[in-house]
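Peer 1: The lines below spell out each chain.
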Amino acid sequence: MDSVRTYENKKRGVLLLIALAVITGILVDAMAGGSEQWQRVAIRLPLILTGSGSGWPITGGFALNIMLSIASMAVATALGIVLALATLSRSAFVRIPSLALMNFLRNSPWLVLLFAMLYIIPFEVHVFGLSVPFPPFVKAVIGLALPTGANLSEVIRGAVQSIHSGQWEAARSLGYTTTQIYRYVILPQAFRRMIPGWMNLYALLMIATALATVTGIQDVLTILNTSLAMESERAIVYFYITILFLFFAYCYPIAVFARRLERAVKGDNL
Amino acid sequence: MNRSNALIEIDDIRKSFGIFEVLKGISLTVGKGEAVCIIGPSGSGKSTILRCINGLMPIDSGSIRVGDHRVHELTSEKAMRPLRHQVAMVFQQYNLFPHRTALENIMMAPIQVLGHDKREVEERARKLLKKVRLSEKADSYPGQLSGGQQQRVAIARALAMQPDIILFDEVTAALDPETVKEVLFTIRELVEEGLTCMLVTHEMKFAREVSHRVCFTDHGRIVESAPPAEFFDNPQDARLREFLGQVL
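Sequence order for the protein chains is A and B. Residue numbering for the first sequence follows the working numbering, starting at 262 and increasing by one per position. Residue numbering for the second sequence follows the working numbering, starting at 34 and increasing by one per position.
Label pairs and their calculated CB-CB ranges:
(1) S423(A) with S173(B): 21 to 27 Å
(2) A339(A) with V280(B): 54 to 60 Å
(3) P383(A) with I52(B): 52 to 58 Å
(4) H425(A) with R103(B): 29 to 35 Å
(5) D150(B) with P449(A): 21 to 27 Å
(6) D150(B) with A339(A): 35 to 41 Å
(7) I456(A) with S94(B): 44 to 50 Å
(8) I52(B) with A339(A): 41 to 47 Å
(9) D150(B) with I381(A): 51 to 57 Å
(10) D150(B) with L362(A): 42 to 48 Å
Some chain B residues well away from chain A (every beta-carbon gap over 12 Å; in silico):
(11) E211
(12) E222
(13) E225
(14) E242
(15) H252
(16) A259
(17) L273
(18) E275
From the structure, some residues in chain B lie toward chain A, with a derived Cβ separation under 8 Å:
(19) N87
(20) E110
(21) R117
(22) Q126
(23) P131
(24) M141
(25) A142
(26) Q145
Worth flagging that the hints you see were computed from the coordinates, not collected in a lab. Model, not experiment: these values are computed from the prediction. Cβ atoms here follow ideal geometry from the backbone N, Cα and C, with glycine treated the same way.
Let the hints inform the model, and build the full structure from the sequences given.
Peer 2: Dropping the structure here:
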């Protein structure tokens, strides 16, 4: 019997028990009148997912959360690279202010940053006679990209510093300049090591997009709150469970994939 | 030896890490085509001497001349470039670039640093791989090679820069006895071809057979320097005698 009671087997058993409990719970609940509530959820599902009742065109909902996360991640990646290079700089005039900024952003509550952006960024900016508007979506993108970018810069910095110092020595002895060493030797190796961290951050960012409801964009939470006004109190529970599951279904595979990559990357050292 | 003819001329160099003085006034000259071995206990500054010669470590005082380069006066990596072209280095931990194949490892620096023609460099690289007897491993990544094979690729990489001098820093220390032989065989060939070599090593037998001169360092000083026969059979310094008594 000992061979059966390994850690992996126990883990699988527990997971199976939890899944069974959830399914039983849902079935029992459905017989007690829950199926009626699930039908209400099903009717509103297109609205929750896309922001329009018929499912097309996409004007908000969960799809907007995904778009927001992608846009924020793009900005955060650019910001993270710049911040990482700045914190790695040999010049103290560049390194110290960027370290301060990075630590400040990393230690700010995301919700507070979002609110701050809401009030700091003007409604529109006039440059050379052009008026550039800043809709709430853009403010949400910037508000979420700031802390994500700061965290990403730490991921990048960690990956760069994890490259063995012998690589620097070897490259220097071959006559490479510092810029060339980054370009040809360090960054190609560090890049592979930062991908898992980048994906983990993306999953976190996606979860955090729910906070963006405070900027007033038509994201899944805003839409839910408007439509719930017409629903019974009991139905609300079912709607929230659905939303939680949507986020889980989107983020969990990313986290699993990132973890698998992380394990794969650990092995390829030198 | 006539000092002005020497290829490497080190005069009274000192180097400290914090309060610990690693080199306490080292002077040494190496002539063209000479193979000099440096032996000594750990922490006696052997590797530091090599790193100072190609400018990987700045020195605190003294002077180093390599060919026409006054190493102690070079300040930027860019200014070091001609020096690094002339002096190649092979490391204990190989330090191959793991994201590139063996052939690419050899070709990278001549193309990216020296700006040589790609086709000409590839031809050179394949010849060097043949020389270290690894032609069939051209497309293998360092992770797929054994320690001895990686070290021979590292030697080929150093040779691809067409240096006048190669510095070997305990290149066999991380290898098992079986693969040590293949690496030493390669180095012996280079010495016989007349390449100037400086080797930090613990292989006493090899030092005796290959080198023209052996230096013993202890506590940051070169205590004894003599041709191998004299050095091993008739050591003058008491500390060297003790050291040789322990390792031989």
